[in-house]
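*Asks:* So the chains spell out like this:
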Amino acid sequence: MYIGLLNFSNLIVFGIAGLAATFQGGRDRILASESARYESFTPPPGATDRQIADLVFARFHFPLAEPVGDWALHRDAAGNLPLEFWTVNGIHRLLYQPKQNRVRIETIPSSLPFFLDDMHTVTELNQKDWRMRAWAWYNHVAIWSLIAMAISGVYLWLASRPGYRVAQYSFAGGTAIFILLYIATR
Amino acid sequence: MYRLLRNTHLFLGVFAFLFLMMYGVSALQMAHNTWSSMKPTVSEMRVTLPADVPDDPRAIARELRPLGVRGDIGEIGATPAGYKIEVARPGAYYQIDYARATHDAKVRINTTGLMAVLNRIHHLRGAWHDYAPLNVWGAMIGLVSAGLILLGVTGIYLWFTIHSERAIGIVLLAINLGICVTLLGLVRTA
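Protein sequences appear in the order of chains A and B.
Numbering (the working numbering) for the first sequence: 1 to 186.
Numbering (the working numbering) for the second sequence: 1001 to 1190.
Keep in mind the hints are simulated off the structure, nothing from the lab.
Built from N, CA and C at the ideal position, the CB exists for glycine as well.
Some hints could be false.
[As the list claims (entries may be wrong)] Output of the computed footprint for chain B on chain A, the stretches with three or more beta carbons under 8 Å from beta carbons of chain B: (1) 127–134; (2) 148–157.
[Claimed, not checked] Just some of the chain B residues that point at chain A, by a computed CB distance under 8 Å: (3) G1013; (4) F1019; (5) M1021; (6) Y1023; (7) L1028; (8) A1031; (9) P1090; (10) G1138; (11) M1140; (12) V1144; (13) I1156; (14) W1159; (15) G1169; (16) V1187.
When you get a sec, could you build the whole thing from the sequences and use the hints?
*Replies:* Here's what the structure looks like:
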C-alpha cells in the first residue's frame, strides 16, 4: 500500500502511455507543426557538417535537446543539411541551406498523451538536463515499485483469500492469455 | 461499494500480474541493457516456392508462414532478381531474398531470447498489424493500461477507508504528487 501511494502518479503516467500507444500511432503521433521560420546562419568557411551541427546546436540550444549524432548527419540531394533535435516536448526540425546562408526551423510539438508516453521511456540515468535526470531516477523507482507491487499483490491474495474462486479464475485467465500470446509470437 | 472496489482491485491485479511483470522486467532491461544479452541467433534456410505463387511480395511472405516465417510484413524492396522482404514478430526477424525466375527464397532468420522478446512486446502498440496475434497483444496492452489506472484509483479508495493509515498515506501521496507534478511541469514548460 505504501509503495502504491508513493508511486500513484507514475502508475497513472504508465497507464496513459499505454493507452496513448494503443489508440494513436504512426502518423497521428504528433500534432501538426507550427509554421516554419528562417534565421540567417553563416558557418566559418570550410566547416564540416559535424561543426555546423554543433554551431547550430550552440546557437539555438533548444531546451532538453541533445546534439545530433554523427550517424544522422547527411546532406540531402540539394546539398542542404537536415538536423533534427528530438525532445520529449516534440521535435525541432532544422534545415541548413548553405546557398541562402540560413536555417529553416520547424517545431513539431508533442500532444500531452505522447509527452507522457515519451516521459515514461526516460530511464537512462546520465541525462544532460537535471530535470530529465531527476525524472529518470524517479522512473527507476517506479519500475522497481511496479515489480514489487505485482509480486506483493499476488502474495497478499494468496495469504488472505487463496480459495476465492473468482480471483483464481482471473489469475488463471490472465496467465493463460499471456502465455498463449507469448508462445504465438516468440 | 468497498466490497466491489476491493474485488475489482484484486481481480484486475491478479489478471494483469504477468503483463505487469513483463513491463517491469523489460523496463529494467532497457534501463540496464548490459545486464542481459540481446544477441540474436542467426540461421538461414532456402525454400523453393510453388510456381503458381503470385508475383506479389505479400503473397510470397504469406506462402512462407507455414514454414514458421510468421509476423508483420515490414519493409519491401524490389531487387533486379525479385524482392527483399522483411517479416518480424517479437521473437524473430526474417529477411527474405526472393528470386522471381527460380521461385527460390533465401530466408535469413534472427531469433532472440526471453529478454529481447519481452522488450519487443513492451514496444508493441495498436491493433493495426497484419499478423493477428500482434493485434491481440495490442488489445491486451490497451486493457492492461486502462486496468493500471483503475488499479491506482481503486487503491487510493481502499487506502482511504483505513482510518489509521490516512496520515502516513497523505504524506506519501503528497510526496509522490509533489515530485511527479513538479518534474512533469518543469519538463513540459522547459
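*Asks:* Does the interface hint hold: is V1187/B within less than 8 Å of chain A, judged Cβ to Cβ?
*Replies:* Holds: closest Cβ of chain A sits about 5 Å from V1187/B, inside 8 Å.
*Asks:* Can we keep the V1144/B interface hint, with Cβ of chain A closer than 8 Å?
*Replies:* holds, 7 Å
*Asks:* Can the stretch 148–157 of chain A be counted as covered by chain B under the rule of three residues or more with Cβ-Cβ separation shorter than 8 Å?
*Replies:* With 6 residues close enough to chain B, the hint holds.
*Asks:* Can W1159/B be said to touch chain A, with a Cβ gap under 8 Å?
*Replies:* Since chain A brings a Cβ to about 6 Å from W1159/B, closer than 8 Å, the hint holds.
*Asks:* Closer than 8 Å Cβ to Cβ for three or more residues is the test here. Does the stretch 127–134 of chain A pass it with chain B?
*Replies:* holds (count 4)
*Asks:* Is the interface hint satisfied for M1021/B? The criterion is a beta-carbon contact with chain A at less than 8 Å.
*Replies:* holds, 5 Å
*Asks:* Does the closest beta carbon of chain A sit nearer than 8 Å to the beta carbon of G1169/B?
*Replies:* holds, 5 Å
*Asks:* Does the nearest C-beta of chain A fall within a distance shorter than 8 Å of the C-beta of M1140/B?
*Replies:* holds, 7 Å
*Asks:* So, as I understand it, the hint says A1031/B touches chain A; can you test that by seeing if any CB pair is closer than 8 Å?
*Replies:* holds, 4 Å
*Asks:* Regarding the hint that Y1023/B lies at the interface with chain A, is the smallest CB-CB distance below 8 Å?
*Replies:* Status holds, d = 7 Å.
*Asks:* Take the shortest C-beta to C-beta distance between I1156/B and chain A; is it under 8 Å?
*Replies:* holds, 7 Å
*Asks:* Min Cβ distance, G1013/B to chain A: is it shorter than 8 Å?
*Replies:* holds, 4 Å
In summary, this structure violates none of the numbered hints.
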